[in-house]
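S.K.: In case you want the letters, here they are:
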Amino acid sequence: MAPILTVNDVKLTIDGKPILKGVNLIVNEGEIHAVLGPNGAGKSTLASLIMGINDLKEPDSGEIIFKDKLINGLKITDRAKLGITLAWQEPARFEGITVEEYLKLSGRNNPELDVVECLELVGLDCSYLSRFVDDTLSGGERKRVELASILAMRPKLAVLDEPDSGIDFASMEDIANMIKTMRDRGTTVLMITHREEIAEIADRATLMCDGKVVQTGNPKEVGQKFKTMCVKCEVRNPELVGGE
Amino acid sequence: MATKDVLDTVAKKFIQIGLPKDLFEKNRFNLLVDRNRVIVRYPAPGVRSEVVETPTGVKTKVYVEPGTKLEEPVTLCFGAAETTEVQTTEGEIIVGEGADVKFQVYGAMAEGIKLKHKNKLKVRVEKNARFEFLDLHYNGEETFVELDTETEAYVGENAYFRSVFKQTRGRAGKVRIVLKATVDKKGVAVFETKMIGKKDDEIYVEDVIHLNGEESRGISKSRIIAVDETKATFVGETYGNAPRCRGHIDCSEVIRGKDVTVKAVPVVVVNDETAKVTHEAAIGSIDKKQLETLMARGLTEDEAVDVIVQGMLR
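Here the protein sequences come in this chain order: D and Y. Just so you know, our numbering puts the end of the first sequence at 244, numbered straight through with nothing missing. Just so you know, our numbering puts the end of the second sequence at 314, numbered straight through with nothing missing.
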């Protein structure tokens, strides 16, 4: 499979603190790629840099390449138009915007958009179409609507930041199936998580620690390394777990 | 009453600024006034009204018979199709005991006109009645209106009154909106104001709710979007004067532009130890996460702002 996203030696310092210390990552087209790591490893910062959000349009050094195009410095909208999108760990709430309107906005360039089907794929029925995307939805429902909006958009690459956070244990399998559906419908998924059990649904996984990539490979092996070494590591030193 | 030609001319000008075509095509109006001329008057069942044309506007008195329940809203329009120095409207609405009605009131100021509009309204919602007053304003982008409107309402025992002021299209102009309510035992008053100010518009909104009856309720909600050089002020006052009454002020103002001035003044006063009045006020730019979420779905920044603003004003 050809790379859809290549992160080349990306370094980033925020407020004088190095957050990313030379990250290298290749995500292949059509795969689910999990980025696993403890809190503070730099995973969400990497996700922000890929989408260009949170005022992180470009790294201090290094390259982010999407389908042979350097996307450093591009605006969020321009990245989205190339086919990249992101689902937030805690999705935004919108006053006065219905689920139907939100899905239609997300999928406005998808000629095959079927908003009811998108909802059904995330385990919600069509009664949700008229609900507002605001505080009247529970955290779990909002998360499902967010994933439905990605299905509606049908991007080339979806960056999912902690898709499992705030989801009860019983619904984890649903979330895993939704992510697989995304992939099966042609979207490459880059999934940020700190739970090895959700990372195991990936085709490949990368372990990050202290702003560096430690290992990329089979999700089970990467998950095992995370479980046995990273979780117990209090100093968060990638060299202790055999990092780059 | 005016001829069909006059109605067609007015319709053309009001539809141009966004008034729904259906209102004219399906003869929805129970009362349509252009400046000081009554163009359409068609009674609604259970609703008695007196309308008097004055040199500068109209005086209306509306009485909703007790027990009247209407599925369809009573539809009124007070507008101006041409520039006039001042338009004055005065009204009194009495909603009889146990009635349940909704008034949909359109304020339509045609494209390009200049006008001072003064409005005074007294509302009385009797025991067990339910009354919704939706005041929808349509102005042209090149229209400039100085609007000064005052509403005083009495909400009787176990009655419900909701007043919504919504500027749907065009510039706000220079606006002063004052809404006052006195609420009796177990009564409910809800005030909602939704506006967008552009260029050098000036917006002043004042909601005052006196919760005088036991277990009465009051909600004052405002959503103001201030763009360019708009000056906007919201004053929300709620007085909890009776046992177990509850009040809440919810004010959210969004600024977009360097020369915008926005102020929110929530005043909560409680005179009974079992009463409770709360408030939340937020002033700031458009929520960044909302903006970035829509941009990550491919909307431009301007498109995303428009979606967020229209949602807030809905």
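Be a bit skeptical, because a hint or two may be false.
[To be verified] Some chain Y residues well away from chain D (every beta-carbon gap over 12 Å; in silico):
1. A11
2. K120
3. E141
4. R176
5. K194
6. R246
7. D287
8. T293
9. L299
10. I308
11. M312
12. L313
[What the hints assert, rightly or not] List time: in silico DSS-like cross-link candidates among lysine-lysine, alpha-carbon distance up to 30 Å:
13. Y:K69 x Y:K26
14. Y:K69 x D:K104
15. D:K81 x Y:K288
16. D:K180 x D:K227
17. Y:K199 x Y:K288
18. Y:K198 x D:K104
[What the hints assert, rightly or not] DEER-style ranges, computed between Cβ atoms:
19. Y:D259 x D:N72: 54 to 60 Å
20. Y:Y42 x D:T136: 25 to 31 Å
21. D:G30 x Y:Q16: 49 to 55 Å
22. D:D125 x Y:E301: 48 to 54 Å
23. D:T13 x Y:V270: 26 to 32 Å
24. D:E90 x Y:K114: 45 to 51 Å
25. D:D125 x Y:P243: 56 to 62 Å
26. Y:K114 x D:D135: 25 to 31 Å
27. Y:T300 x D:L70: 19 to 25 Å
Keep in mind that the hints were calculated from the coordinates and are not lab data. For every residue, glycine included, the Cβ atom is placed at its ideal position computed from N, Cα and C.
S.K.: So, for every hint listed, does it hold in this structure?
M.R.: Consistency of the hints with the structure:
1. A11: Non-interface label on A11 of chain Y holds, nearest chain D Cβ at 29 Å vs cutoff 12 Å.
2. K120: holds (30 Å)
3. E141: Its Cβ never comes within 12 Å of chain D, the nearest being 22 Å, so this holds.
4. R176: Given a closest Cβ separation of 25 Å, the condition holds.
5. K194: violated (9 Å)
6. R246: holds (19 Å)
7. D287: violated (7 Å)
8. T293: T293 of chain Y not clear of chain D: closest Cβ-Cβ about 5 Å, inside 12 Å.
9. L299: Incorrect as stated: the minimum Cβ-Cβ distance to chain D is 7 Å, not above 12 Å.
10. I308: Contrary to the label, I308 of chain Y does not stay out of reach of chain D, its closest Cβ about 7 Å off (not over 12 Å).
11. M312: It is violated; M312 of chain Y is separated from chain D by about 5 Å at its closest Cβ, not greater than 12 Å.
12. L313: Violated, since 7 Å does not exceed 12 Å.
13. Y:K69 x Y:K26: OK: K69 of chain Y and K26 of chain Y at ~22 Å, within 30 Å.
14. Y:K69 x D:K104: violated (37 Å)
15. D:K81 x Y:K288: Distance of about 19 Å is within 30 Å: holds.
16. D:K180 x D:K227: Holds: K180 of chain D and K227 of chain D sit about 23 Å apart, inside 30 Å.
17. Y:K199 x Y:K288: Within the cut-off at roughly 23 Å; holds.
18. Y:K198 x D:K104: holds (28 Å)
19. Y:D259 x D:N72: 54 to 60 Å: violated (34 Å)
20. Y:Y42 x D:T136: 25 to 31 Å: Cβ of Y42 of chain Y to Cβ of T136 of chain D: about 38 Å, so the range 25 to 31 Å is violated.
21. D:G30 x Y:Q16: 49 to 55 Å: holds (52 Å)
22. D:D125 x Y:E301: 48 to 54 Å: 34 Å Cβ-Cβ, so the 48 to 54 Å window is violated.
23. D:T13 x Y:V270: 26 to 32 Å: violated (51 Å)
24. D:E90 x Y:K114: 45 to 51 Å: holds (48 Å)
25. D:D125 x Y:P243: 56 to 62 Å: Check failed, 44 Å falls outside 56 to 62 Å.
26. Y:K114 x D:D135: 25 to 31 Å: Violated: the Cβ-Cβ distance is about 42 Å, outside 25 to 31 Å.
27. Y:T300 x D:L70: 19 to 25 Å: holds (22 Å)
Violated hints, in rising order: 5, 7, 8, 9, 10, 11, 12, 14, 19, 20, 22, 23, 25, 26; the structure is consistent with all others.
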